Amino acid sequence: MTTTRRDFLAAAVTAAGATAVPDHAHAADHIHQDVPADVELRVKSLESLLVEKGLVDRAALDALVDVHENRVGPRNGARVVARAWIDPGYKTRLLASGTTAIEVRVWDSTAEQRYLVLPERPTGTERLGEDALAALVTRDSMIGVAKIMPQQSGRPA
Amino acid sequence: MNGIHDMGGMQDMGPIQYAKTEPVFHQAWEGRVQAMSYAVQGTGKLRLGFRPPMESIPPGEYLCMSYYERWLTATTERLIASDLVTRAEIKSGRPAIGGTRATSALSAADAVAALRRMPATRRDVAVAARFKVGQTVRARNINPITHTRLPRYARGKSGIVERDHGIFVFADTSAYSQGEKPQHLYSVRFAARELWGDQAAPQDGVYLDMFDDYLEPA
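These protein sequences, in sequence, are chains H and U.
Quick note: numbering that gives the first Met the number 0 has the first sequence finishing at residue 156, numbered continuously throughout.
Quick note: numbering that gives the first Met the number 0 has the second sequence finishing at residue 217, numbered continuously throughout.
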């Protein structure tokens with residue numbers, strides 16, 4: 000059985016009584032949610048309001064969704080990693096400093112920097128080209144929580 | 000601010016809902032929320048940053064919201080705080096009678112171009128660095144009720160400057176349109192034991208991005 004994080008937290012909050020009737024007299028500094036109408040309806044309502052007020056263009060929203068669904072994301076990082084595996088000069092430029100010490104380094108990305116872990120190139124990939132290598136690189140390997148498994152035959156999985 | 004968002008070091012929040020491969024947006028409305036946020040931000044008319052309203056969500060509500068429900072709240076509050084919409088309009092979903100119509104909506108091409116320019120927080124100006132790589136520093140014990148990027152768990156703790164990232168807009172003031180206050184941003188290494196005591200492994204460390212204003216000599 001699986002409990003989602005959200006269910007778990009909702010249950011915990013309910014158990015703690017935090018969802019008891021809010022005291023609106025004391026909540027003036029807080030952000031009010033209107034009656035929690037269906038979130039999808041709230042989003043549709045906001046979108047039509049912003050379009051009617053001339054603040055957003057529906058075609059622009061479509062384009063932005065397309066960018067996020069199809070043109071950015073882990074695939075770009077995977078290309079960086081694959082290039083670093085086959086191009087030593089690129090790898091040197093990518094890594095401002097390296098370490099061989101065995102320690103846990105946690106990078107808490109609190110400000111403007113975002114970090115990418117350059118995962119180890121798995122064995123069995125010596126004959127693969129850049130595209131095939133990029134296809135092996137996972138999101139988890141680029142945030143440093145998983146290794147990329149060795150390949151059996153030198154062909155993409 | 001010392002809000003529920005500042006969760007570093009907290010525990011018992013339940014299992015992380017993990018999916019090895021997952022869609023960018025689980026439901027279509029999530030993509031619309033993100034797109035509206037970027038489309039309006041791209042107009043340059045927002046006077047309130049993304050984080051302050053996010054961090055002002057009451058803890059009980061915050062914990063029960065999904066990621067993009069928080070985006071929806073933050074985006075709505077930014078629009079209201081910037082006098083682009085009123086709370087009454089949000090409630091009714093209709094423009095107020097007699098209200099003016101903006102002409103600032105970005106075209107699809109301009110919205111995508113604006114997205115590509117983000118984040119533009121690095122500044123090419125001359126600002127002296129108060130600290131240098133290798134120096135031992137201490138995170139100031141500050142507790143602003145406004146936005147800060149200094150995590151609670153690091154306040155008062157000592158670390159060593161690992162790297163100087165260069166000069167960046169200071170988030171604590173820029174989030175409120177109160178000036179960019181460009182300053183050096185450093186990567187500071189805090190030994191895990193300095194943060195979490197003897198039960199942490201002696202060789203482990205946490206690297207935090209720290210603005211110049213967050214630090215004092217140790």
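Mixed in with the good hints, there may be bad ones.
What the hints assert, rightly or not - The list that follows gives simulated cross-link-like pairs (lysine to aspartate or glutamate, DMTMM-like), each with its CA atoms no further than 20 Å apart:
(1) U:90 - H:107
(2) U:44 - H:51
(3) U:44 - H:107
(4) U:156 - H:107
(5) H:146 - U:21
Simulated from the structure, these hints should not be mistaken for lab results.
Computed from a prediction, not measured in an experiment: that's the story for all the values here.
Hints versus structure:
no., hint, result
1, U:90 - H:107, "37 Å, violated"
2, U:44 - H:51, "17 Å, holds"
3, U:44 - H:107, "30 Å, violated"
4, U:156 - H:107, "15 Å, holds"
5, H:146 - U:21, "19 Å, holds"
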